[in-house]
Structure formats: C-alpha cells, structure tokens
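S.K.: Following the hints, complete the assembly by docking chain B onto the known chain A.
Sequences listed follow chains A and B, in order. Following the working numbering, the numbering of the first sequence begins with 1 at its first residue and continues without gaps. Following the working numbering, the numbering of the second sequence begins with 1 at its first residue and continues without gaps.
Quick caveat, the hints were computed from the structure, so don't treat them as lab data. On a predicted model such as this, the values are computed, not experimentally measured, just so you know. Hints should not be assumed to be uniformly reliable.
Each computed DSS-like pair below joins lysine-lysine, with the alpha-carbon atoms no more than 27 Å apart [unchecked claim]: (1) A:LYS28 x B:LYS111; (2) A:LYS527 x B:LYS143; (3) B:LYS157 x A:LYS607; (4) A:LYS36 x B:LYS153; (5) B:LYS157 x A:LYS46; (6) A:LYS49 x B:LYS48; (7) B:LYS48 x A:LYS28; (8) A:LYS28 x B:LYS17; (9) A:LYS571 x B:LYS140; (10) B:LYS143 x A:LYS571; (11) A:LYS391 x B:LYS74; (12) A:LYS645 x B:LYS121.
If you want the ones that stay clear, here's a sample from chain A, every Cβ over 12 Å from chain B, calculated [to be verified]: (13) LEU33; (14) SER45; (15) ASN120; (16) PHE263; (17) GLU339; (18) THR344; (19) THR398; (20) GLU421; (21) GLU428; (22) THR548; (23) VAL603; (24) ASP665.
Each residue gets a CB set at the ideal place from its N, CA and C atoms; glycine is no exception.
As a plain string of letters, each chain reads:
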Amino acid sequence: MYPLKHLKDRKPNNMFKKRSDQKDEACKLLENLDNKNIYMDKEFSKKLKSDILSQYEHENVFMYLINFVKRSLSMPSLKFNKLPVISASTISLILISFYGLITYFVLNNYHNNLSQNDKNEVLSKILQNNSGSVLKSSKNPSELFSVSQAVAAELSNGETRDETATDASSTIAPIYYNDNYNFFHYTSTYTLGPAAASCPAYGDSENSYSRIETYDFQNYSENSYYPKYKYLAYNNNDELVDYSLSSDKYRYEYKGGTFALRFEENYDYLAVTPDSTSVNTEILETSPSSTKTLSDTEVLVDEAGTTSENTGINVETETIELIPEAKDVIPYYFGEDSEVEEVTIEGKKYYLVIYSYDTPCSYNEERSKNPTISSETTSLEAENTKTLFFKDLYETDTYSLVKQEVYLASISDNNLISSSEYVVEKAEKTISEVSSLFTFDLNVNVKNVPTTAYNENSYYPYEKDVIKQSSYLTYLKNFLQQKDIEIFTPSNETYVLFETSISDYYDPTKPYYTNRNFYPNNDFGQKQYEDYLALYESLSYNQKFTTTYILKDETERSQDPGFYQISAYDKNLDVSDFSEYFFGTNQYTFKDSISLKINNETVSATKYTYNYQAGVEDFEGKEISPDYAQDSYNNLIIFDYESYKYVINIFTYDTNASINSIFSDLKGYHPDNDWNEIEAKVKGSFSLHEDFYGKIEPQDIPSSNGSGTETYVVEPDSNLETIEINP
Amino acid sequence: MLPPSEIEAIYNNHSEKLYRFFYFKIRDQQEAEDLTSDTFHLLIKKLKQVEIENPINFLYGIAKNLFKVYLREKYQIKTCPFLEEFHDFQKYTEEYLEKENSQTSEELLLKYLPQLPEKQKEIIELRLIQKLTPTEIGEKINKDLNYVRTTQKRAVKNLRRIITCTP
Numbered sequence: 001m002y003p004l005k006h007l008k009d010r011k012p013n014n015m016f017k018k019r020s021d022q023k024d025e026a027c028k029l030l031e032n033l034d035n036k037n038i039y040m041d042k043e044f045s046k047k048l049k050s051d052i053l054s055q056y057e058h059e060n061v062f063m064y065l066i067n068f069v070k071r072s073l074s075m076p077s078l079k080f081n082k083l084p085v086i087s088a089s090t091i092s093l094i095l096i097s098f099y100g101l102i103t104y105f106v107l108n109n110y111h112n113n114l115s116q117n118d119k120n121e122v123l124s125k126i127l128q129n130n131s132g133s134v135l136k137s138s139k140n141p142s143e144l145f146s147v148s149q150a151v152a153a154e155l156s157n158g159e160t161r162d163e164t165a166t167d168a169s170s171t172i173a174p175i176y177y178n179d180n181y182n183f184f185h186y187t188s189t190y191t192l193g194p195a196a197a198s199c200p201a202y203g204d205s206e207n208s209y210s211r212i213e214t215y216d217f218q219n220y221s222e223n224s225y226y227p228k229y230k231y232l233a234y235n236n237n238d239e240l241v242d243y244s245l246s247s248d249k250y251r252y253e254y255k256g257g258t259f260a261l262r263f264e265e266n267y268d269y270l271a272v273t274p275d276s277t278s279v280n281t282e283i284l285e286t287s288p289s290s291t292k293t294l295s296d297t298e299v300l301v302d303e304a305g306t307t308s309e310n311t312g313i314n315v316e317t318e319t320i321e322l323i324p325e326a327k328d329v330i331p332y333y334f335g336e337d338s339e340v341e342e343v344t345i346e347g348k349k350y351y352l353v354i355y356s357y358d359t360p361c362s363y364n365e366e367r368s369k370n371p372t373i374s375s376e377t378t379s380l381e382a383e384n385t386k387t388l389f390f391k392d393l394y395e396t397d398t399y400s401l402v403k404q405e406v407y408l409a410s411i412s413d414n415n416l417i418s419s420s421e422y423v424v425e426k427a428e429k430t431i432s433e434v435s436s437l438f439t440f441d442l443n444v445n446v447k448n449v450p451t452t453a454y455n456e457n458s459y460y461p462y463e464k465d466v467i468k469q470s471s472y473l474t475y476l477k478n479f480l481q482q483k484d485i486e487i488f489t490p491s492n493e494t495y496v497l498f499e500t501s502i503s504d505y506y507d508p509t510k511p512y513y514t515n516r517n518f519y520p521n522n523d524f525g526q527k528q529y530e531d532y533l534a535l536y537e538s539l540s541y542n543q544k545f546t547t548t549y550i551l552k553d554e555t556e557r558s559q560d561p562g563f564y565q566i567s568a569y570d571k572n573l574d575v576s577d578f579s580e581y582f583f584g585t586n587q588y589t590f591k592d593s594i595s596l597k598i599n600n601e602t603v604s605a606t607k608y609t610y611n612y613q614a615g616v617e618d619f620e621g622k623e624i625s626p627d628y629a630q631d632s633y634n635n636l637i638i639f640d641y642e643s644y645k646y647v648i649n650i651f652t653y654d655t656n657a658s659i660n661s662i663f664s665d666l667k668g669y670h671p672d673n674d675w676n677e678i679e680a681k682v683k684g685s686f687s688l689h690e691d692f693y694g695k696i697e698p699q700d701i702p703s704s705n706g707s708g709t710e711t712y713v714v715e716p717d718s719n720l721e722t723i724e725i726n727p
Numbered sequence: 001m002l003p004p005s006e007i008e009a010i011y012n013n014h015s016e017k018l019y020r021f022f023y024f025k026i027r028d029q030q031e032a033e034d035l036t037s038d039t040f041h042l043l044i045k046k047l048k049q050v051e052i053e054n055p056i057n058f059l060y061g062i063a064k065n066l067f068k069v070y071l072r073e074k075y076q077i078k079t080c081p082f083l084e085e086f087h088d089f090q091k092y093t094e095e096y097l098e099k100e101n102s103q104t105s106e107e108l109l110l111k112y113l114p115q116l117p118e119k120q121k122e123i124i125e126l127r128l129i130q131k132l133t134p135t136e137i138g139e140k141i142n143k144d145l146n147y148v149r150t151t152q153k154r155a156v157k158n159l160r161r162i163i164t165c166t167p
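Bound-form chain B, shown alone:
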C-alpha cells in the first residue's frame, strides 16, 4: 500500500502532463480536465483492489485506455495507430508534449489542414488564417451564409478528429 504522500507526489508530477496530453489531443479544456480526473480516480480505485508495482506506468496505461474509449465514443474511431505503436506511453507522452508545446497555432493549422477535404480546407483557411467573417467568406466564394456555417462546422469537427489521431 503506497503512503498518501506518494500518491500526492504522483499527482504533482503527472497530473499536468496528462492534462496537457489530453488537451493537445482534444483541444478542449473541460474535456481534458475530465479525462485527467477520470484517470486519477481509476488509479485510486485500482490501487485499492490490487498491489501495483509501478503505479506510474499503470497511470499512463489508464490514460491511454481512457483516451481510446474517448475516441470510440466521440468519433467512433476504434483506435489510432500511434496508440498501439508506443508501448512506453509515458515516454511517448513526454516527447509529444515537448514537440507540440513548441508549435504555434498557425503551424499546427498548416500541419493539419492538408488532411481536410478541399471545400472545408478553403473555408478554414479563409476563416482562421485570413481571418474573414462568415459573411465575408460567403461573398468571396459566392455561397450563402448557411453553406459557410455548415461547411465550417464540418471542417472543425473533422479537424478535431484529425488532431486526436495524429501522432
């Protein structure tokens, strides 16, 4: 049985890392916080049931599994290849955070945008890179406001899906 001080140390050292991993993947603060909370609650529950030799490895294992569940529930994605490729999930998380931290929003957009269908890409470029309003976009591409809104909505949803599954 770990002393509470060790649980506290695990929380202090890993909660922000896990939160940030979830945040970078999901890009939603509240959902990332919820997943972090779920991860720690599950760890405590498991610590109660079984002796765990390496609780930190276990913690990252829970995080990985919860993230898979999230992918399945939110996007109906069974799993992303990178989740299976990296067996040391803690190491992956730390490397990923370092890489993702250093990128600006524009760099990130340019990284993910090519994966969007053409029309959605066009709308997102006009909206987020050229900073046009939906009305201005409609005028520019000769489409009505409803088309712009609908396409943008789909594009954002797809972008989120792409971000979650990009290693």
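This is chain A alone, in the form it adopts within the complex:
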C-alpha cells in the first residue's frame, strides 16, 4: 500500500544548514527562476535510470515467461502435440514461482508481516506502554490529538476525529492504562529532514527544538486522579526555550525569557479508579448528551451519582464507564490501514509501524498556540492539508518507541520532515519520589495569569428568559456606546435584524504573550514574539460585533433562507486579509469599487466576489455529480465608517441578485442618538428568533447557524502581577 517510492538512498541536501545559509521563500523562487537547477541532479538521474531499467527487466522475466507460454499454446504446429507445451508450461510456472519467491524474500528480507490479530495485539501493547505525549508528534504536546475526546465523541455522536483538538490534558495521560508503570520519562532528539520547510507545523526550522524531555506521572488517590506532566524543550545551543509544568492545580509556562506564567488549571477529573482495561479518564468523562446515544454494549452505567470534587458542579447523574476495546482506540492513533512488521536492524528486533493521516501543515501551530481561533478558519487551510506518513520503531520486548520519522505525502528520503529518537524510562513510583520533579524550580519571576471571568449578561440573549434579555440589552447599549459602534440595517426593510453578536474577546494571556521579555533575547525569541503578535493581529481576534439579517417575510424566506451579516472590525486591518479569511483564498474572482448609501450619504466601498461551484463536494468532501454543481458567489463589501471597518458578507447564486443592491443602501443607528430604534430592532430579533427556532428554554442553545454570541469580557489586568514562588 506504499505510495510510489522514489530513489531511497538520495542524501538530503539541505539538512543541518546554518540559519545564515537559509534563504527566504522569495529568494529561493528567484534562484529557481534563474534556472539554477535547470538540470536534474546527476546522481538522482543516474539512479532513477537504473531503477527504471531494473524494474523493467524484472518485469521482462515475467513477461517473457508468460509470453512464451502464450506463444507455445497458440503455435499451430504444437496444437496436436500438447505434451511439450504442457512441459514448457510447467517449467515456466515453476520458474515463475521460484522467481516470485526469490523476489519476495529479497524485497522482504528481515521483514515479517504480522497477521491482523497479531498486529492489533502489538498496537494495543504499544498504546499501553507509551505515553500519549510521544505518539503522533514529539514537537509540541499541544499538537497532539485528543484520542479520548474523539473516542467519546465518535462512540456517542458518530462524529469524526478532530486532528486539531488541542486540549492540553490529552497529552498528560497515557493512552491506555498500564498496571506496571505510572511514570514515564522520555528524552527525544529531533532533527529536521529535507521536506521540513513544506510542513512547518511538523518541521519548522525556525521553531523546532533539538531535544525534548517529557515526564508523565499518573497520580491516583483513593477518589481522584491528578496527573502531573512536565515538558522541556531545548534549542540547538541546549538552552531551555519551552517549558510547561502541569501539577495539581497549576500549570506553568516558560519560553526562555525573563519570566514564567502560572495558570490555574480548570480540569475536572472525575472520581475514577483506573483499571487496566479502560482508557484514560477523559473517556470516562462524558457529556450528558453523549450518554443518550451510547449503546448498551459500549457503556456500563454506574447508577451512583457523582459530583466533581473541584467545582462542585453536578456533572452527571450517572457515571459512565466506557470500556472500549483496543480495536476501537487503535485507529485514532494509527489510522485504519496501519502496517505493522517485525524487522531486524543491526541484529535487534523491532516492530515497524507505518501509518498516515491528513493534517494542515501550517495551521496546527497557530491553533496550538491559541485554541480560541475560530474553527471557521480551518477552511482557509484546507489547501494546506497534507498527508503525513509516520514510521515508528518500537522495541519488541518493552514496546517502547525508539524512533519516529515523519514524511510528507510519501515515504522517501526527500520527503522526510523530521526524525526523532527516544530514550525512555518507565517505572512505578510513589508521589513522594516524584514530587520534587514536578515542582516549579526555574530561577525566574513568575507572573500569575488571572482566570478569565465570564460575564453572564453578555451571553446568548435568545433564550426564553426576559431577565436575561433585558440584561443583554443594557449590556449591548453600554458595549456599543463604549466602542462607538453603529448598527446598520438595509433601508429596504425586506431584510430585518435576526441576531446581534458581540465578539469582544479579552484574552488574559495577551499582555504576557505580547511582552517581548517573555521570549529569549535572540532571533528565535524574536520570531516567537512576532508570531504571537501576528496572532493577535488576526481577523478572528479583531472582530468586534456582527449583525445577522434574514428575509422578513416568512413565505419569501423559503425561497431565500440565507443569513447575511455585517461585521465590524478594527479599522487598521488590511483589506487583503479579508478575502483570504472569508473565501479561504485571496484569489477572488472579481473586485469592484462601488458606492454605498448610508443614511443617504455616499460611502466608498470595495466589493470582492469569489465565484465557485457550490455542491461539487458533499458534506464528507466526496465529489458528487457535476449536474448538481451550481455557480455560487460569495461577496464581501468592505467599507470604512467612523471608527471601524465594516464587512458585509453576502452569498448568492447570481451576480446580479437584488440582494447586492439591498445591502448597498443602509441605515446606520448610533447607540448615543438612536438607542430606541436599536432596542426595538433587537427586541424584534428576539421575537423573530423565537419564530424561527421555536421557544428556546434556558441553556438549550441552538448552534445551527453559528452566529450566537461568543463573548468573554473581563476587565484587563495589565499589571502583570509577579508572584513569589519558592522553588
């Protein structure tokens, strides 16, 4: 099942380059335009030729023998004397069989393919004997896939796995409990391959680490489960440039600068006694909705109610204990079509496991740094999704991972993104034996990151709750006044306000992550700092407020069920970023300068149109019949007005659709002067919402159009409070 392989012994030619030798992409392109590499690499060409000729000659033997038999059988002179033909055929078949056997053993020298049962057994043992933090990727623990969430989700809701899940807790626990060990210490050394630049999420030369150490400890007390985890990453100069410690209620983060950060952990660990057949506690922790759909064969229900110790919140009246079989978990780590072989290298036996999955090559990194990035942006990176192949070697006696290679698109030397080697220490330890290891001991200041407060008044206002709706109106008025944001509605009142959505994020980590001193005082630190600054300058961070409109007339709505939106952004954002953000590409189809009317005044705007074939792919991304494909147009009308940049987002099947002109003539309402009108429209949206969705009981929040309020507003604590930690 391997993809087409290229020449294997070609030496990577750009590994271990000094940074000063590395050129940026533009210079590389110029070099290539200069026809510098106009000839194939001589060595490559020579080996390709010999590879092809040898492949052809091997096949020739088969073809020769087959043709010989064919020809023999069809020769008229032999038609009535089949004996020599049969003899020739027999000899040919023997030769073919012999050739086949020889070929098989030559190609599979020292390789022993395992049966499906053996394969599952080996993979289960691997899951039991390796920490979750080393499988998949060694680079950054937050990139790791949360198997537990995915298993729980799939078993309960039939959802597919989410490669970008970044729950830090997912990296803490081992994948499967192991009765023998509760302590894992890995040291991995990491080198980049020639394809590293093609997949920065896994092989970013500017952000990669040369050595990583992880310590995992599973701390079971009688009624609780608190894992401890420590992650240390070193650069090429062996300087500590990334540090994460998760111990009891606190998590520490250090990036090599003059101070570290301390966060209060919010993980709720249910009262769980580990057992050797269950996966980690996150699987056991299921949402109320997931309990409804689990089948009897998949769950055991303990009727005793359980309350979370940490929060006092009643999580569930039933404690759900999933006991998935290993075969259910294996695909989440190794895919459906992993290959397992026993191989011998320098006299020692190993299990070689090859598996693959698709992942965005640049997106993970940003997402891992900030999970609050809207999931809508995943579409932007669709074109950046690549298939990565993992080639892992495990010891046959301990099942420990000793080496992992990651390849882009196919397994060949040229496609190697990274190679990691591991040294592992596994043991059964007591908490007192490891406590010093999981104590913060860096000699730097520690700043306490305040926990984000949650403002209930700003929450979803469409529940059937008059008090909440009234509070929301007060909150909205203050918000709009404070931010000086206007609400627009089409002058033609066929379209009316359906939802208002405040997106005023305050991220308590921002003052720290955007502090240059949090990073090392070198190029690496500068790059990290700039990456974080860029993140905070992204559109998703700078959207302030969105209004959504639908057709007023219910009958007409059946013809045009669309939602149209106007969003307010910071004025200083670059217009060119919007098309990429909304369309997933900056290759828009048309761009026009247009005029809008706002309160009968003319305002200049730019209209970007992206034309595509809607319905070419179904929801699972499979191609469907082109007969169902339809020309579709996504229009963005962008204009500056007072303090903000506004974006009108319209989707149509027709370039001349009247909807474009309707949204080109707007009325603006300022909260200082026109609050009564705004209030009436927002109240109207409450009623319209109720007509549309039916009455929404408190906490029964619809998520169908995704435009509900996502608000986390607290007063910034910019004091950068430093707390004393005694190592």
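M.R.: Leaving out everything else, chain B in the frame of chain A:
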C-alpha cells in the same frame, strides 16, 4: 514488448526534457525530480500491463496527467487551459522549453508580476528587483516586519500558482 535498450533510449532522450518542463512549471528541483520519477515509473507499469504502440506519446500523456494531479493537490486547480488546448503534449513541451530557456529571471518576474494583487506585487518588486531586505521594505512602506513577511509569503505562493498555469 520493447527491448530494455529502447527503454534506456526513451529515458536518455526524454527524462531531461520532462524534468525541465516540470521544473519550469513548478520551480522546485525536488518536486520536479519526483514528478519525472513518477512519470517513468508509471510508464514501466503500463508497459507491463498493455501493449503500447507509441510509448513516447504515452510518456508525455502520463506527464500531462501527473501534472494535472499535482495542480489539483497543490493548488486545488482543476486544470489549466493550456493543458487542454495542446493535444500534442510532446510538441508543446519542446516549444515551451525553448521559449522558457531563453528568458532571464528578471524577464520572467516581469512577465508574471502583473498578475499579482497590488500589495503583493509591491513587496515582490522591492524584494526581488530592488533587492531590499524585509526590514528595509518595512521601513520604506511604513509597515511592520510581520506584514512584509506575510505578504511576501502569499505573493510567492501566488506567483508559483501563476507560473504553473501560464502557457
């Protein structure tokens, strides 16, 4: 069944041409080599399965199809018009190589740059024609380094896309 010497002759006469076609379109040596390798491997595989009357035509047909697959996977481009226009792909390839060979990098840049959006064009002109560093560009256009890097990255990606699809 062709004798191996004929396969060798096909390789000697066409591997560099195919490589160069891929290289001029993709402007990446390793990817061009991989596509050349794929083309020949597929030819051998097909020669094993069926009798092929004109293996050279067949070879160029494979190259064209692999290039289409590359466009789809790398840039989500279904196909470029020129790929459909030229039925004799070998002839097209040879003419294209002759034309492309004779152009300098600056000529090529000037040929492709007008197709870039304004801001990206500005950055590439400053970076590759005026040879300014990203920091100098930032100072000149009064933008921060991050803006320059991001815009340049997008511009390079778009330029590559434009190059692949220009006949």
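S.K.: Are the hints correct? Go through all of them and say.
M.R.: Going through the hints against the structure:
no.	hint	verdict
1	A:LYS28 x B:LYS111	holds, 18 Å
2	A:LYS527 x B:LYS143	holds, 17 Å
3	B:LYS157 x A:LYS607	holds, 23 Å
4	A:LYS36 x B:LYS153	holds, 21 Å
5	B:LYS157 x A:LYS46	violated, 31 Å
6	A:LYS49 x B:LYS48	holds, 17 Å
7	B:LYS48 x A:LYS28	violated, 40 Å
8	A:LYS28 x B:LYS17	holds, 22 Å
9	A:LYS571 x B:LYS140	holds, 22 Å
10	B:LYS143 x A:LYS571	holds, 15 Å
11	A:LYS391 x B:LYS74	holds, 24 Å
12	A:LYS645 x B:LYS121	holds, 24 Å
13	LEU33	violated, 4 Å
14	SER45	violated, 6 Å
15	ASN120	holds, 32 Å
16	PHE263	holds, 26 Å
17	GLU339	holds, 21 Å
18	THR344	holds, 28 Å
19	THR398	holds, 37 Å
20	GLU421	holds, 25 Å
21	GLU428	holds, 48 Å
22	THR548	holds, 29 Å
23	VAL603	holds, 22 Å
24	ASP665	holds, 29 Å
Hints 5, 7, 13 and 14 from the list above are not met by this structure, while the remaining hints are.
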